[in-house]
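This is what each chain is made of:
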Amino acid sequence: MGKVTAGEVQQWLIEKIAERLGEQPSAIPPGQYFDELDMDSTEALIIAGEMESWLGFELGTTALWYHPTIEALSAHIAEESARHGATA
Amino acid sequence: MARRPDATSRPKLLIRHRQAAPGADTVYAVHPGALPVGLWAGLAGALPRETGFAVLDLGAVPEYGEAALAPELSRLTVGHLVDLLATAYRADRADGDGLGDGDGDGAGTVFVGWSFGGVLAHGLTERLEPAERPRAVVLLDSIAPTDAYQHTEGEPIDPAIVLRWFAMFLGARRGAEVRPRPVPPGTDTDAALALLLDDAIAAGALPPDTPMAGMRKLFEAYTAGLLRNNRLTAPYRPAPAAVPLVQIKAADSLVPADPTLGWGELAGRGLTTHSVPGDHYTMLIRPDASQATAGLLPLLRPAPLVTTRRPSP
Numbered sequence: 001m002g003k004v005t006a007g008e009v010q011q012w013l014i015e016k017i018a019e020r021l022g023e024q025p026s027a028i029p030p031g032q033y034f035d036e037l038d039m040d041s042t043e044a045l046i047i048a049g050e051m052e053s054w055l056g057f058e059l060g061t062t063a064l065w066y067h068p069t070i071e072a073l074s075a076h077i078a079e080e081s082a083r084h085g086a087t088a
Numbered sequence: 001m002a003r004r005p006d007a008t009s010r011p012k013l014l015i016r017h018r019q020a021a022p023g024a025d026t027v028y029a030v031h032p033g034a035l036p037v038g039l040w041a042g043l044a045g046a047l048p049r050e051t052g053f054a055v056l057d058l059g060a061v062p063e064y065g066e067a068a069l070a071p072e073l074s075r076l077t078v079g080h081l082v083d084l085l086a087t088a089y090r091a092d093r094a095d096g097d098g099l100g101d102g103d104g105d106g107a108g109t110v111f112v113g114w115s116f117g118g119v120l121a122h123g124l125t126e127r128l129e130p131a132e133r134p135r136a137v138v139l140l141d142s143i144a145p146t147d148a149y150q151h152t153e154g155e156p157i158d159p160a161i162v163l164r165w166f167a168m169f170l171g172a173r174r175g176a177e178v179r180p181r182p183v184p185p186g187t188d189t190d191a192a193l194a195l196l197l198d199d200a201i202a203a204g205a206l207p208p209d210t211p212m213a214g215m216r217k218l219f220e221a222y223t224a225g226l227l228r229n230n231r232l233t234a235p236y237r238p239a240p241a242a243v244p245l246v247q248i249k250a251a252d253s254l255v256p257a258d259p260t261l262g263w264g265e266l267a268g269r270g271l272t273t274h275s276v277p278g279d280h281y282t283m284l285i286r287p288d289a290s291q292a293t294a295g296l297l298p299l300l301r302p303a304p305l306v307t308t309r310r311p312s313p
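Protein sequence lines correspond, in order, to chains A and B.
Note that full-length UniProt numbering numbers the first sequence so that position 70 is 70, with each residue one more than the last.
Note that full-length UniProt numbering numbers the second sequence so that position 286 is 286, with each residue one more than the last.
Derived from the structure by calculation, the hints contain no laboratory data.
Accuracy of the hints is not assured; some may be wrong.
[What the hints assert, rightly or not] The calculated lysine to any residue pairs, modelled on SDA-like cross-linking and capped at a C-alpha distance of 20 Å, are: (1) A:K16 <-> B:M212; (2) B:K12 <-> A:Y33; (3) A:K16 <-> B:P207.
Just chain A, with the same shape it has in the complex:
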């Protein structure tokens, strides 16, 4: 996976979360806190692992802690992706 934008990450995350929750992607608000989504920590970690495979780099263990919404996490990942791209 090359460099990703915040919009691409956000779309990927919303689709995955919607699939897990059995909802339409339009029903997942990007500004909502992960702990407010009807998703337990096991499901969140499974998605995080899947995302690492998609991105091709590991997320820091504190990424979900410090960036607790889809929107914030997507922006963080885009920055990380740019950093990885720059050092690749």
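For this one, chain A is given, so just place chain B on it according to the hints.
Positioned in the frame of chain A, the structure of chain B alone reads:
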């Protein structure tokens, strides 16, 4: 995962389930995370209605979560956690929550600590003044912070042991029993995890489409919690208990071969041991385990003692 940084929804360290009736005891349970804190409703419901019940939830302590996720930044100690618990406990007692607790009518408290919560329930007891202490500390499948079980900084955990515990954990979260197949000696952790993923999916403990990357992330988070607890207990030197200890092991315990899980060394006022149905995690979930545990708590007016039998194979 971080919760909303909103003071109105900040989780509370002390969660009150029920006030004590006049003259009745209050049970304080120390919850170390890993399972939802709401599961303590099972034990609260199995106790006599007059018994007060509150949970001291470490999930409400941000430094505790951060110590697992970002250990390189953490300066957390058992002593600091005990300070927080002591402050919350004393504030609750000062509120007069227990209606008659501490007013000379004989009512008191019993501490219960599940897993690492047992270490903290013991530490809290030793931090308190004699008049503030509970009648007993009840340890639910809790391993003692003694030499036999302490790990030095950076020491890895035996993968075979951790995988067995992780299988229990996955099953408990979904009400399934994961029976991991024997792993050939020399199998690396990733290959063993792949086998466990198949077993967990077959048992219904994980969704059928769970990818290996997700399984790795789950295992990483699970072991981060164990390593955090090992780091916390490594420099900790507990005092012998000033109150009686009661160890209630799960039938399928973390360490089946040790009946006291190391607490004999710290039992300055005696130690009794019991067993309840379930494994390390389901002992907090199964109604029969909650009933059995409730009957074993040393309350002034105890719950009826429940005898349990293992199901026939």
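Are K16 of chain A and P207 of chain B close enough, with their CA atoms no more than 20 Å apart? holds, 13 Å
Agreement of K16 of chain A and M212 of chain B with the hint, judged by alpha carbon distance not exceeding 20 Å: Answer holds: K16 of chain A to M212 of chain B is near 16 Å, not above 20 Å.
For the pair supplied as a hint, K12 of chain B and Y33 of chain A, is the alpha-carbon distance within the 20 Å limit? holds, 19 Å
Every hint from the earlier list agrees with this structure, and none is contradicted.
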